[in-house]
Amino acid sequence: MNSIRQRLLLWQIGALIVTGVLVSVLTYLLAWNGFNRIRDYGLEQIAYSVVRHGVKPALVRPLMTPAPGSAPLAQSTATEAENDGEATEDLGQFVSQIWDDAGQLVYSSLDNVGPPLQPHGFHVVRWEDEDWRVYTVADRRQVVQVAVTSANRTQGFADLVPWLLVPLGLLVLLLSLLIHTAVTQALLPLDQLGREIGRREVNDLHPVPADELPDELQPLASALNQLLERVDQLLSGQRQFIADVAHELNTPLAAVKLQAQLARRVSEGERSAALDELDQGIARAAHLVAQLLQMARLEPELAQRQNEVVRLDLLANQVVAAFSAQAEAHHIDLGRVGNDSATVVGDPSELRVLLNNLVSNALRHTTEGSRVDVRVSRSGDEVSLAVSDDGPGIDPDQREAALQRFVRLNPQQGHGSGLGLAIVSRIVQQHQGRLTLDETPGGGLTVRVQFRGIEPPTESP
13 MNSIRQRLLL WQIGALIVTG VLVSVLTYLL AWNGFNRIRD YGLEQIAYSV VRHGVKPALV
73 RPLMTPAPGS APLAQSTATE AENDGEATED LGQFVSQIWD DAGQLVYSSL DNVGPPLQPH
133 GFHVVRWEDE DWRVYTVADR RQVVQVAVTS ANRTQGFADL VPWLLVPLGL LVLLLSLLIH
193 TAVTQALLPL DQLGREIGRR EVNDLHPVPA DELPDELQPL ASALNQLLER VDQLLSGQRQ
253 FIADVAHELN TPLAAVKLQA QLARRVSEGE RSAALDELDQ GIARAAHLVA QLLQMARLEP
313 ELAQRQNEVV RLDLLANQVV AAFSAQAEAH HIDLGRVGND SATVVGDPSE LRVLLNNLVS
373 NALRHTTEGS RVDVRVSRSG DEVSLAVSDD GPGIDPDQRE AALQRFVRLN PQQGHGSGLG
433 LAIVSRIVQQ HQGRLTLDET PGGGLTVRVQ FRGIEPPTES P
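Residue numbers for the sequence shown follow our numbering, so the first one is 13 and each next one is one higher.
Think of the hints as simulated: they come from the structure by calculation, not from any bench. None of the values given here were measured: they were computed from a predicted structure. By construction, the Cβ of each residue, glycine as well, lies at the ideal position given by its N, Cα and C atoms. One or more hints might be untrue.
What the hints assert, rightly or not - Just the calculated beta-carbon pair ranges, DEER-fashion:
1. A266 with D244: 27 to 35 Å
2. A258 with I466: 37 to 45 Å
3. L176 with P219: 51 to 59 Å
4. L246 with A298: 21 to 29 Å
5. D203 with N237: 55 to 63 Å
6. S61 with T166: 18 to 26 Å
7. L236 with L38: 44 to 52 Å
8. L199 with Q105: 51 to 59 Å
9. L182 with R207: 30 to 38 Å
10. G249 with D227: 27 to 35 Å
11. L236 with A258: 27 to 35 Å
Starting from the given sequences, assemble the full structure and let the hints guide the process.
What follows is the structure, given as structure tokens:
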């Protein structure tokens, strides 16, 4: 059962029914107790009435032995009562008795005498296979006892029970209907919110109006609006990225196409140079595509990093070794500076991309005979990675712009894509590091990245 409405109805109506049952039981017990007290009070009043006023002589049934030849006692008494027109109906469930001060029974409303004499007060007596509720009162001249069967009392109360339960049942039914209506009305804003969102188009990401929503739905609406805002930003970023990619790819692809056409038209002697230009154009396009893929993978919403412990100094050694042939081909002095051991937590592949871009940028923007140094150092719990060159550098007022993607500060010089430092900046952000661009002493650019270091894991012997 995943319906909130059904859960609310089940719990509330279930609680109502349980409460109704408990109230019914409590009402029954209280009513039964009150009914017994009222009936006991009635017995008591009858007994005191007999004590004060006695009974009519025609109704008194002397329990003495009849004289010889006379009619039986019961017949004589009944005949007298009929003659006077005052005979009473014997219900068989109520009896009154009178004893004199000597303990002799002088009157009983039943022919078979009635329950035995009891001490003063209320008693429950078993007589004639029935339970009798008895009240006895005495004065100086007589003792009066009145009794009624428990079955008679129970039957009388049973006639009242439906009048106790029917209102309670109607109350439970009415409250159940009111609870159902209240739950439906209370959940109506949630249904309306779902319908409002369901009617939206795919590109309709404006915030959900939350001013008129109940307080309980305000957190949901706020979280939903935040999600819609993030999705809108993601889609806007992707649309902008796709537009930039289309623009950036247009130039190298057009150049490759033009170079291929020129290579087809030139003479045999010039074809080799034209093909070299074509190869360089293809290489630049391939490099741009590779960097675009790297940038796409680094989108925060798409990136799936595999963080682990990384020896940044060893990784720097591997990158320097990988670019050493390229550096030698351009007569650039590329090397590691320092021998500090530095361990960080991060994604090894992304950290390698960071180092590749820094070293590649440094080699691309320096001339023959220049120097590129890669330094990894540690100070306390901070690890610093610095790549320095003695090239033209970047003016201080242009350094922030250099970190934006597709920004080439000197497009007429070199063939960069404007993505290298943007990729580095994105990787640093995702590793909670700090990136700074400084001037190398003597001229050039130093790109410094600072990470939080950790102690290297202890190797087992």
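How the hints compare with the structure:
1. Take A266 and D244: their Cβ atoms lie about 33 Å apart, and the range 27 to 35 Å holds.
2. Remark: the range hint 37 to 45 Å for A258 to I466 is upheld by a beta-carbon distance near 42 Å.
3. Hint check: L176 to P219, Cβ distance near 57 Å, so the stated range 51 to 59 Å holds.
4. The beta-carbon spacing between L246 and A298, approximately 28 Å, falls within the hinted interval of 21 to 29 Å.
5. Between D203 and N237 the C-beta distance comes to about 19 Å, which lies outside the given range of 55 to 63 Å.
6. Between S61 and T166 the CB atoms are about 25 Å apart, so this pair conforms to the stated range of 18 to 26 Å.
7. Taking 44 to 52 Å as the suggested C-beta distance range, the pair L236 and L38 conforms, at roughly 47 Å.
8. Taken as a hint, the range 51 to 59 Å holds for the pair L199 and Q105, whose Cβ atoms sit roughly 58 Å apart.
9. Taking the beta carbon of each, L182 and R207 are about 36 Å apart, inside 30 to 38 Å as hinted.
10. Our hint of 27 to 35 Å for G249 and D227 holds, since their Cβ atoms are close to 34 Å apart.
11. For L236 and A258, the hinted distance range of 27 to 35 Å is satisfied, since their beta carbons lie about 33 Å from each other.
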